[in-house]
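Number of protein chains: 2
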Amino acid sequence: MLKVGILGGGQLGRMLLQAAANYQVETHVMENDDECPAAHLCRYFIKGNIRDFDDVYNFGKSLDALTIEIENVNIDALEKLESEGVKIYPKPSVLRIIKNKVYQKQYYLENGIPTSEFAVLQSLKEIHQWEQLLPAVQKLAEGGYDGRGVQIIDDLSSSHLGFDAHSVLEKKIKIKKEVAAIIAVDQDGKTALYPPVEMVFNKDLNLLDYQLCPADIPQNVLWKVEAVSLAVVRNFKSPGLFAVELFVDQNDDVFVNETAPRVHNSGHHTIEAHYSSQFDMLWRIILGHPLGNTKYILPSVMVNVIGSDGHSGEPKYEGLNEVLKIDNAFVHIYGKHQTKPGRKMGHITVLSNEKQDLIHKANKIKQLLSVVSAS
Amino acid sequence: MLKVGILGGGQLGRMLLQAAANYQVETHVMENDDECPAAHLCRYFIKGNIRDFDDVYNFGKSLDALTIEIENVNIDALEKLESEGVKIYPKPSVLRIIKNKVYQKQYYLENGIPTSEFAVLQSLKEIHQWEQLLPAVQKLAEGGYDGRGVQIIDDLSSSHLGFDAHSVLEKKIKIKKEVAAIIAVDQDGKTALYPPVEMVFNKDLNLLDYQLCPADIPQNVLWKVEAVSLAVVRNFKSPGLFAVELFVDQNDDVFVNETAPRVHNSGHHTIEAHYSSQFDMLWRIILGHPLGNTKYILPSVMVNVIGSDGHSGEPKYEGLNEVLKIDNAFVHIYGKHQTKPGRKMGHITVLSNEKQDLIHKANKIKQLLSVVSAS
Numbered sequence: 004m005l006k007v008g009i010l011g012g013g014q015l016g017r018m019l020l021q022a023a024a025n026y027q028v029e030t031h032v033m034e035n036d037d038e039c040p041a042a043h044l045c046r047y048f049i050k051g052n053i054r055d056f057d058d059v060y061n062f063g064k065s066l067d068a069l070t071i072e073i074e075n076v077n078i079d080a081l082e083k084l085e086s087e088g089v090k091i092y093p094k095p096s097v098l099r100i101i102k103n104k105v106y107q108k109q110y111y112l113e114n115g116i117p118t119s120e121f122a123v124l125q126s127l128k129e130i131h132q133w134e135q136l137l138p139a140v141q142k143l144a145e146g147g148y149d150g151r152g153v154q155i156i157d158d159l160s161s162s163h164l165g166f167d168a169h170s171v172l173e174k175k176i177k178i179k180k181e182v183a184a185i186i187a188v189d190q191d192g193k194t195a196l197y198p199p200v201e202m203v204f205n206k207d208l209n210l211l212d213y214q215l216c217p218a219d220i221p222q223n224v225l226w227k228v229e230a231v232s233l234a235v236v237r238n239f240k241s242p243g244l245f246a247v248e249l250f251v252d253q254n255d256d257v258f259v260n261e262t263a264p265r266v267h268n269s270g271h272h273t274i275e276a277h278y279s280s281q282f283d284m285l286w287r288i289i290l291g292h293p294l295g296n297t298k299y300i301l302p303s304v305m306v307n308v309i310g311s312d313g314h315s316g317e318p319k320y321e322g323l324n325e326v327l328k329i330d331n332a333f334v335h336i337y338g339k340h341q342t343k344p345g346r347k348m349g350h351i352t353v354l355s356n357e358k359q360d361l362i363h364k365a366n367k368i369k370q371l372l373s374v375v376s377a378s
Numbered sequence: 004m005l006k007v008g009i010l011g012g013g014q015l016g017r018m019l020l021q022a023a024a025n026y027q028v029e030t031h032v033m034e035n036d037d038e039c040p041a042a043h044l045c046r047y048f049i050k051g052n053i054r055d056f057d058d059v060y061n062f063g064k065s066l067d068a069l070t071i072e073i074e075n076v077n078i079d080a081l082e083k084l085e086s087e088g089v090k091i092y093p094k095p096s097v098l099r100i101i102k103n104k105v106y107q108k109q110y111y112l113e114n115g116i117p118t119s120e121f122a123v124l125q126s127l128k129e130i131h132q133w134e135q136l137l138p139a140v141q142k143l144a145e146g147g148y149d150g151r152g153v154q155i156i157d158d159l160s161s162s163h164l165g166f167d168a169h170s171v172l173e174k175k176i177k178i179k180k181e182v183a184a185i186i187a188v189d190q191d192g193k194t195a196l197y198p199p200v201e202m203v204f205n206k207d208l209n210l211l212d213y214q215l216c217p218a219d220i221p222q223n224v225l226w227k228v229e230a231v232s233l234a235v236v237r238n239f240k241s242p243g244l245f246a247v248e249l250f251v252d253q254n255d256d257v258f259v260n261e262t263a264p265r266v267h268n269s270g271h272h273t274i275e276a277h278y279s280s281q282f283d284m285l286w287r288i289i290l291g292h293p294l295g296n297t298k299y300i301l302p303s304v305m306v307n308v309i310g311s312d313g314h315s316g317e318p319k320y321e322g323l324n325e326v327l328k329i330d331n332a333f334v335h336i337y338g339k340h341q342t343k344p345g346r347k348m349g350h351i352t353v354l355s356n357e358k359q360d361l362i363h364k365a366n367k368i369k370q371l372l373s374v375v376s377a378s
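Going down the list, the protein sequences come from chains X and C.
So the first sequence is numbered by the numbering used here: it starts at 4 and just counts up by one.
So the second sequence is numbered by the numbering used here: it starts at 4 and just counts up by one.
Heads up, a few of these hints could be off.
Treat identical chains as interchangeable: a pair holds within one or across any two.
[Claimed, not checked] Taking lysine-lysine and the BS3-like style, the derived pairs with C-alpha atoms no more than 27 Å apart in a straight line are: (1) K180 - K94; (2) K358 - K298; (3) K369 - K206; (4) K328 - K90; (5) K206 - K227; (6) K193 - K102; (7) K50 - K6; (8) K193 - K328; (9) K90 - K319; (10) K369 - K343; (11) K90 - K179; (12) K319 - K6; (13) K328 - K240; (14) K319 - K64; (15) K128 - K347; (16) K358 - K193; (17) K193 - K319; (18) K367 - K193; (19) K347 - K180.
Bear in mind the hints are in silico, worked out from the structure with no lab data behind them.
Here chain X stands alone, though its shape is the one from the complex (with noise of 0.2 Å):
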């Protein structure tokens, strides 16, 4: 049987093993906590810090593979062990490139894939030359996760807003919408495109408010869209499976916004609305066995449920009960043991053959649900 290593405990390991008992396979957890949403769904689960080169290489040197739920890993480890003949799922290289935002935007520019116009900055002084790039978003190299090391800078004189470090400084784009793509990457290079979701977002918390599935774009944006995502994945040149977000501006034109090179919130739908979800799908991938069918059974709707401003503890979820009386309404709650104002606590997935039943949904579990503190 085959051992394989997930470096991070959260939500997304929680998925990944719940897709893994599906599977021949001996699961292994590192995380720091363990009482960590994946801690008790694993056969092996080690304390550890996946930050550590230590604390990665001992877990990883008895493994046969390794993937992540989280971008901000020892690199150096995991490079160590894959010249051992350790798998990695992405290759390290990989997450070298994405970890860092200025990595990143240089990736797109070398490989002729579109993304929004940038500079590099050192300190935030330097954003004195780049006036032409305003209004634009400044985003720190490295440590941004969830919406942290983000700044939107509109003119000059609010750049004291900005980060005084090694950053990215991306032209903001007009968008009409934020698509986003999931990517499986077999161990020969096969690739398989699942069918982009649009993101909605409440623009004044800047936070997801819901996902359609699919898109609601036109054929030619489709299009694009398909080939954008399947050139970002192609020149890493690694298995895996992989999530890209992208913009359409009023143009129709495409710009790649970011890459998470793991299973991905905008690829959570797929467990009940797809042939093969895209925890199933790693899977698949890690253990040789063939790709699986990206299409969906029907569209859906996907809603996080996201920790109440104010409240931090243990949670609980009020209106929990009217939201499961929806009959076509699939609930995941992670099993955290505390929530904090913005934490990803679950979410809710719809399906329906109705764009409208599928939106009403949508609002209506975010009117019924709320995660407070249960003290």
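Given the structure of chain X, go ahead and fit chain C onto it with the hints provided.
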């Protein structure tokens, strides 16, 4: 967080735990094999004998609720736990009836539920008083499982094949179809019925060939199946998840064959084909959530993956990659460390709107896949 124990750690436990990870629940499993399919997907695993009073009592006494994945458990311990306030799904009183095939038949009789004519035998010689029931099926009162403890007796000349033991002798019904219905009963007695499935048997091996959902039966038979199944569970007066197996005879009359008071092989297709799977449904019942939606998303066929004759030892799944190429098939391998002839090692579900596609794929899967010993 509710603490819920499962007695038994086989594939049913495994699939219950996959579904539990969508909810807030602390899972406990007891089984005498710490490498059983469910051992590493629960929060706490306890090695113990589910037939032993002390083991079951000690396992259950600190839990909020208990359920089973096999009937053959220590009911005395469950009764004591119930009297001390632990909720048991199903109630021990139901297990007493179902575990003993004599009591089970008497229950049907007492509650006016149609079932084949029968006699209760204390010893084999009594069979001569019941010639009018032949050809018949003799079933041991206790201890039978998965086809064991069952003997067909065509006439008195073959009566020596029978069991010289406490048993039930059931007149053979001229079967047109075998169907099964999964029924959920919540803590308030509210019920939800899944569409009945049709079981197609290999007559030579007396093994399930494949199972179709929904059953292809006329409306008037469907109504009888639904009414009879509901009558079976209503009279138990117990929350839980039940599988009622029924015969439809040449006159379209309906007879209960057996009932299982737990998640069941005949409900595996609900994982992908239905909005709420049988496993999801049992958690909803135990956790006090609303009952789920029993409707199917698509029609389905389910094929068991059985250990091949002549093969014992570490399993090897020959043809698995060919099955994984079928674009509407879902694979479940139970992770058992040893295969044996006839042992249930996994199952495959196929979804399709086309019945011919389902039957074609079921037969294809049976041709492609075999479980042999690796060495």
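Query - Structure versus earlier hints, numbers of those that do not hold, lowest first - result: Structure breaks hints 1, 11, 15, 16.
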